[in-house]
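Model the full structure from these sequences, guided by the hints.
The listed protein sequences derive, respectively, from chains A and B. My numbering numbers the first residue of the first sequence as 1 and each following residue consecutively. My numbering numbers the first residue of the second sequence as 251 and each following residue consecutively.
Wrong hints could be hidden among the right ones.
Residues from chain B shown here face chain A by an in silico Cβ test under 7 Å; the list is partial [as the list claims (entries may be wrong)]: (1) Q367; (2) L372; (3) L375; (4) A376; (5) S379; (6) E403; (7) L406; (8) R411; (9) D418.
Hint data in this document are derived by calculation from the structure and do not stem from the laboratory. Quick caveat: nothing in here was measured; it's all calculated off a predicted structure. Backbone N, C-alpha and C define an ideal beta-carbon position, used for all residues, glycine too.
Below, each chain spelled out in residue letters.
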Amino acid sequence: MSSCPVVEAEALFKTYGEGDTAVAALRGLDLAVAEGEMVAVMGPSGCGKSTLLHVLGTVETPTRGTVRFRGRSLADLDDRGRTAIRRDHIGFVFQAFNLVPVLSAEENIALPLIVAGDRPKLHQDRIDALIAEVGLDDRRDKLPSQLSGGEQQRVAIARALLREPGLLLADEPTGSLDQAAGAAVLDLFRRIHERGQTIVVVTHDAKVASHAERIVIMRDGEIVDEVRPRAAAARGPKALETTVTGLLGR
Amino acid sequence: MLRYILMGLLARRPAHGYELRAAVSEMFGGRWDINVGQVYTTLSRLERSGLVESERVAQDNFPDRRVCSLTEAGTEELFDWLITPVDEMPLKQDLFAKILLHCLLDAGDPAAFIRLQRQRCLELLAQLSALETRDGTEPVTALLLEGAGYHIEADLRWLDRCETRIADLKGVAR
Chain A
1 MSSCPVVEAE ALFKTYGEGD TAVAALRGLD LAVAEGEMVA VMGPSGCGKS
51 TLLHVLGTVE TPTRGTVRFR GRSLADLDDR GRTAIRRDHI GFVFQAFNLV
101 PVLSAEENIA LPLIVAGDRP KLHQDRIDAL IAEVGLDDRR DKLPSQLSGG
151 EQQRVAIARA LLREPGLLLA DEPTGSLDQA AGAAVLDLFR RIHERGQTIV
201 VVTHDAKVAS HAERIVIMRD GEIVDEVRPR AAAARGPKAL ETTVTGLLGR
Chain B
251 MLRYILMGLL ARRPAHGYEL RAAVSEMFGG RWDINVGQVY TTLSRLERSG
301 LVESERVAQD NFPDRRVCSL TEAGTEELFD WLITPVDEMP LKQDLFAKIL
351 LHCLLDAGDP AAFIRLQRQR CLELLAQLSA LETRDGTEPV TALLLEGAGY
401 HIEADLRWLD RCETRIADLK GVAR
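Here it is in structure tokens:
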């Protein structure tokens with residue numbers, strides 16, 4: 001495990017517009033995400049959490065402040081350099097799945113290879129393994145329109161993981177899903193995280209967040225609180241038994 | 251609640267304390283490791299109220315045991331309980347009182363208290379998901395945990411609302 005954070009934001013400001021109509025989405029935010037860590041970002045709509053995700057993902061550049069990816073400042077890179085980091089080291093999962101409607105599930109998963117000028121056939125083993133991992137073996141030939149919301153999101157997660165990104169960014173991954181499909185997607189996140197995947201997830205869903213090592217709470221472009229929910233869960237089986245006994249109203 | 255569970259089990263067939271203890275534990279998927287003394291105390295109380303009756307049965311090489319059965323009054327009370335919806339209004343008075351007092355007192359810090367409560371809720375949710383992951387295949391526990399999770403999620407949403415209304419609450423409280 002490396003001691004250098006996978007991604008590190010320092011005194012981050014992001015302002016949209018200028019003058020009287022300027023809106024500050026981020027106001028001096030600091031965040032470092034360690035290798036293998038899962039961080040959940042929670043907060044009300046408009047608090048800047050999606051902007052934070054876009055800046056960490058090099059989709060947007062900050063107005064002020066620094067983002068370092070594995071110790072390297074993104075400000076030192078040109079557009080091509082940032083694109084290369086995004087393409088090779090960062091996976092994105094969105095609330096709206098963002099699949100290509102005319103491509104099958106398997107082709108959607110292989111898309112990052114095609115975009116990178118690679119040949120999917122050379123990586124068939126990796127593609128097969130991912131399809132099995134997200135539980136879509138018998139659905140690989142279907143178009144997105146023939147898949148349920150939960151299945152589409154699992155395709156999107158497999159696509160995001162294809163190039164083994166150092167950082168997986170997810171924006172409300174269960175936001176469009178019903179309970180059961182959301183639980184399946186959450187379970188998938190839990191498994192890939194247990195395998196060591198570094199994840200930053202923006203979510204309204206406290207249940208999703210409770211799986212993270214660290215939850216940061218945002219208000220008005222700043223982090224106002226930080227919770228480590230699993231510290232309590234790790235206190236040992238005795239504490240857990242007591243919880244359940246308590247629930248039974250003994 | 252234990253008294254009704256025992257009455258319900260006795261409505262199936264007469265039983266003695268040890269059998270009842272095992273049956274309660276089985277009913278909750280082994281999760282409720284109930285104290286046998288608690289079962290006997292509850293049975294005695296039910297018997298004094300005329301809801302349960304018992305008879306001594308002799309055993310070879312062991313002390314007599316007391317086999318309990320449900321009386322007619324007990325059957326009636328059990329069925330009344332079974333057909334009555336649970337109507338506890340979840341008003342969270344304790345939590346709300348704390349928030350209000352934080353708004354009222356000079357030394358109070360409602361925002362800090364809400365943050366603390368939110369942390370606690372998120373920790374509880376993480377405890378629940380750790381249990382769900384471990385015992386996910388066991389339906390009784392899974393449903394129980396899921397229900398508890400929904401309540402905590404509701405509390406979290408409500409804490410967010412309280413946080414945005416602190417100024418209003420201070421106005422009312424002073």
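Outcome of the hint check:
1. Q367: At about 11 Å, which exceeds the 7 Å cut-off, the nearest Cβ of chain A leaves the hint on Q367(B) violated.
2. L372: Given a least distance of 4 Å, the restraint on L372(B) holds.
3. L375: At about 4 Å, which falls below the 7 Å cut-off, the nearest Cβ of chain A leaves the hint on L375(B) intact, so it holds.
4. A376: The hint holds - A376(B) has a Cβ within 7 Å of chain A, the shortest such distance being about 4 Å.
5. S379: Since chain A brings a Cβ to about 5 Å from S379(B), closer than 7 Å, the hint holds.
6. E403: 5 Å, holds
7. L406: Nearest chain A Cβ about 5 Å off; hint holds.
8. R411: Hint on R411(B): violated, closest Cβ of chain A at ~10 Å, above 7 Å.
9. D418: This interface hint is violated because 17 Å lies over the 7 Å limit.
Going through the hint list in order, the structure does not satisfy hints 1, 8 and 9.
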